[in-house]
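Engineer: Spelled out, the chains give:
Protein chains: 2
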Amino acid sequence: MRAWEKNIRRVAPYVPGEQPKSEKPIKLNTNENPYPPAPGVKQAFKEMDAGQFRKYPDSTSSELIKALSEYYQVEENEVFVGVGSDDVIAMAFMTFFNSELPILFPDVSYSFYKVWADLLHISYETPALDENFCIHKEDYYKANGGIIFPNPNAPTGLLLPLEEVEDIIAHNQDSVIIVDEAYIDFGGESAVRLTRKYENLLVVQTFSKSRSLAGLRIGYAIGHPDLIRAVNDVKNSYNSYTLNMPSIKLGAEAVKDETYFKESLERIVKTREESKLRLKKLGFSFPDSMANFIFATHKDRSAKDIYKALRENHIYVRYFDQPRLDNHLRISIGTDEEMKKFFEFLEVFLSD
Amino acid sequence: MRAWEKNIRRVAPYVPGEQPKSEKPIKLNTNENPYPPAPGVKQAFKEMDAGQFRKYPDSTSSELIKALSEYYQVEENEVFVGVGSDDVIAMAFMTFFNSELPILFPDVSYSFYKVWADLLHISYETPALDENFCIHKEDYYKANGGIIFPNPNAPTGLLLPLEEVEDIIAHNQDSVIIVDEAYIDFGGESAVRLTRKYENLLVVQTFSKSRSLAGLRIGYAIGHPDLIRAVNDVKNSYNSYTLNMPSIKLGAEAVKDETYFKESLERIVKTREESKLRLKKLGFSFPDSMANFIFATHKDRSAKDIYKALRENHIYVRYFDQPRLDNHLRISIGTDEEMKKFFEFLEVFLSD
Chain A
52 MRAWEKNIRR VAPYVPGEQP KSEKPIKLNT NENPYPPAPG VKQAFKEMDA GQFRKYPDST
112 SSELIKALSE YYQVEENEVF VGVGSDDVIA MAFMTFFNSE LPILFPDVSY SFYKVWADLL
172 HISYETPALD ENFCIHKEDY YKANGGIIFP NPNAPTGLLL PLEEVEDIIA HNQDSVIIVD
232 EAYIDFGGES AVRLTRKYEN LLVVQTFSKS RSLAGLRIGY AIGHPDLIRA VNDVKNSYNS
292 YTLNMPSIKL GAEAVKDETY FKESLERIVK TREESKLRLK KLGFSFPDSM ANFIFATHKD
352 RSAKDIYKAL RENHIYVRYF DQPRLDNHLR ISIGTDEEMK KFFEFLEVFL SD
Chain B
52 MRAWEKNIRR VAPYVPGEQP KSEKPIKLNT NENPYPPAPG VKQAFKEMDA GQFRKYPDST
112 SSELIKALSE YYQVEENEVF VGVGSDDVIA MAFMTFFNSE LPILFPDVSY SFYKVWADLL
172 HISYETPALD ENFCIHKEDY YKANGGIIFP NPNAPTGLLL PLEEVEDIIA HNQDSVIIVD
232 EAYIDFGGES AVRLTRKYEN LLVVQTFSKS RSLAGLRIGY AIGHPDLIRA VNDVKNSYNS
292 YTLNMPSIKL GAEAVKDETY FKESLERIVK TREESKLRLK KLGFSFPDSM ANFIFATHKD
352 RSAKDIYKAL RENHIYVRYF DQPRLDNHLR ISIGTDEEMK KFFEFLEVFL SD
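Quick note, the sequences are listed as chains A and B, same order. For the first sequence, the numbering used here gives the first residue as 52, with consecutive numbering after it. For the second sequence, the numbering used here gives the first residue as 52, with consecutive numbering after it.
Calculated from the structure, these hints are not laboratory results. Treat the hints with care, as some may be off.
Treat identical chains as interchangeable: a pair holds within one or across any two.
To be verified - With a Cα cut of at most 30 Å, we get these calculated DSS-like pairs of lysine-lysine:
1) Lys165 - Lys332
2) Lys72 - Lys193
3) Lys97 - Lys359
4) Lys391 - Lys321
5) Lys193 - Lys117
6) Lys106 - Lys355
7) Lys248 - Lys332
8) Lys193 - Lys391
9) Lys313 - Lys93
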């Protein structure tokens, strides 16, 4: 080993879902929104002047912050934005999780939590979900250096009712609690309103799912101004200008069009509920997802076999080769047309 | 203090140059390029389909990496990209600077180095520049946990000849050496070709200055595949998708148009050299800048007074209220028209 290699940080990186290169894949593997962003986004994009890109963006992303603060009826100093919710959560880990005590997150949840903790040398414990993939709030009643969990949980889609979320926060007033609501718009009740009651609560959301803007990388957090100031200080010690001009401008436009937002959510929820019925008929079972995906296992056929067969036919779903998860498929909700093709294939494949 | 506040990371953030809100400011304070990005960038922007933003970007930014690898005649696995060179350098600090020994950087240089070291709890020493703001290569001959310096240096604009850069690298084969070439295109010789000779050398550049794309936030590093793999692993442990769709696409377009690139550099260099003559005539002195700014001090008038007077007239230059720097102004090179207004004001102001 060369001397300079000794001081390289050793990590086991997160593995994102595949981005297939094939011609017309049916992509049900990364929980993207099957519908395009709001018409106002396209319009604003058309009107942007690429000549202006020679200048730095607004390092405070004020236009986007303003749109979010109006939508959530909070002050601008209660909102933080970053390069996707991954950037927001990584910054929050760096800012808030500096205790000697371990942080807590469910053993089955967003697999990036473990990666961030390892990267930043944060110790952690992972209370186990029960056999139905449910979080038990009592598991979070012990001393800790912070808590994070997704709600709805990933990759199960299960929603923790807001009273239980609040119960966990109420039992933990000595550390920062992060509720990762990447999928909340598809059927859950957000903890945002609890941020006024609990100063140690940070709620994180993203534009990548419900707002159809994964390609622009925008995430945000809402919390007490003291939390927001602290994470902004860390952000400004890392990179002053994170969101670029298109993200700030088009993110703001996406928030403004509430009608389009609600309509596209309704379509996805409708397709999800129909998909649940069809999956059941085909012999699948699954936690009752409130997200834009379904985490399903089949009574007879192995998840890996189904995954491979789908893949050969250019239909991509997510398969996790890990204990407890390796007989499930995470199926993102696509358009009705995409789901039709998915089910047509499954019907033939499963009747073999 | 609330209990959860005890574990907040304490930092003193970097302060970026002001982004004035006034109507038509003359902005000579953040080293932006006064000319728009290449015509191909505008064209590609017009042709982008905002509907595609619903999907995740390519997490490997392969189109941009390919364009850079072709431009620099290196392999794709010798190139890393990030959200501006700040993101690239922050990632590199996290990846490579994990020694017990302090890292080294000049006492007068990019002020973000100290901020990153503090944020990441990296110890450092800052060898002093001499009274003419010159780096002495012998100061970097001692054991260290890594070395970083800008070339040309900021905010002085002074270029270290490539032989001296190589001398520093040759004397330091046990740690990673980062040469931060944010301004190299304006008159210096890049160390990129040395990356094939020294496996521990990482050369960092940016699209924010010479490529007129500060608003898109794109930076990159070139080095041995082992260095690039290590920093990519850390990046993928932090945020899988950093560059968004417009950055990947338009960054690649900017690299392809070499003719426009060379022409706009020539214009800036010509304006810089003319500005040096005019500043001298007006009683200023300055290190001989090879960057797109001039770091000047006046024989009679205090830098702070000149800064304030300019500012009142909507002309913005950068003033650093710090020891050794506080009687200098960092003046970015604007268009000829902007420089004309700047000098017209100075002539009147200094003759008072």
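Engineer: All hints are to be evaluated individually against the structure, with a verdict given for each.
Structural biologist: We went through each hint and held it up to the structure:
Proximity of Lys165 and Lys332 under a CA criterion of 30 Å is satisfied in neither setting, with 36 Å inside one chain copy and 61 Å between copies. In this assembly of identical chains, Lys72 and Lys193 lie within 30 Å of each other by CA distance neither inside one copy nor across copies; the values are 47 Å within and 49 Å between. With identical chains, the CA atoms of Lys97 and Lys359 are never at most 30 Å apart, being 40 Å at best within one copy and 39 Å at best between copies. Taking identical chains as interchangeable, the C-alpha atoms of Lys391 and Lys321 lie at most 30 Å apart only when both belong to the same chain, with a minimum of 14 Å there against 63 Å between chains.
When the C-alpha separation of Lys193 and Lys117 is checked against a cutoff of 30 Å, the pair qualifies neither within a copy, at 37 Å, nor between copies, at 50 Å. For a Cα distance limit of 30 Å, the shortest separation of Lys106 from Lys355 across copies, 25 Å, qualifies, whereas the shortest one inside one copy, 49 Å, does not. Taking the shortest Cα distances, Lys248 and Lys332 never come within 30 Å of each other, neither inside one copy (44 Å) nor across copies (63 Å). In the homo-oligomer, the alpha carbons of Lys193 and Lys391 never lie at most 30 Å apart, since the shortest distance is 47 Å inside one protomer and 67 Å across protomers.
For the identical chains of this complex, Lys313 and Lys93 are intra-copy neighbours only, at 18 Å inside a copy versus 33 Å across copies, given an alpha-carbon limit of 30 Å.
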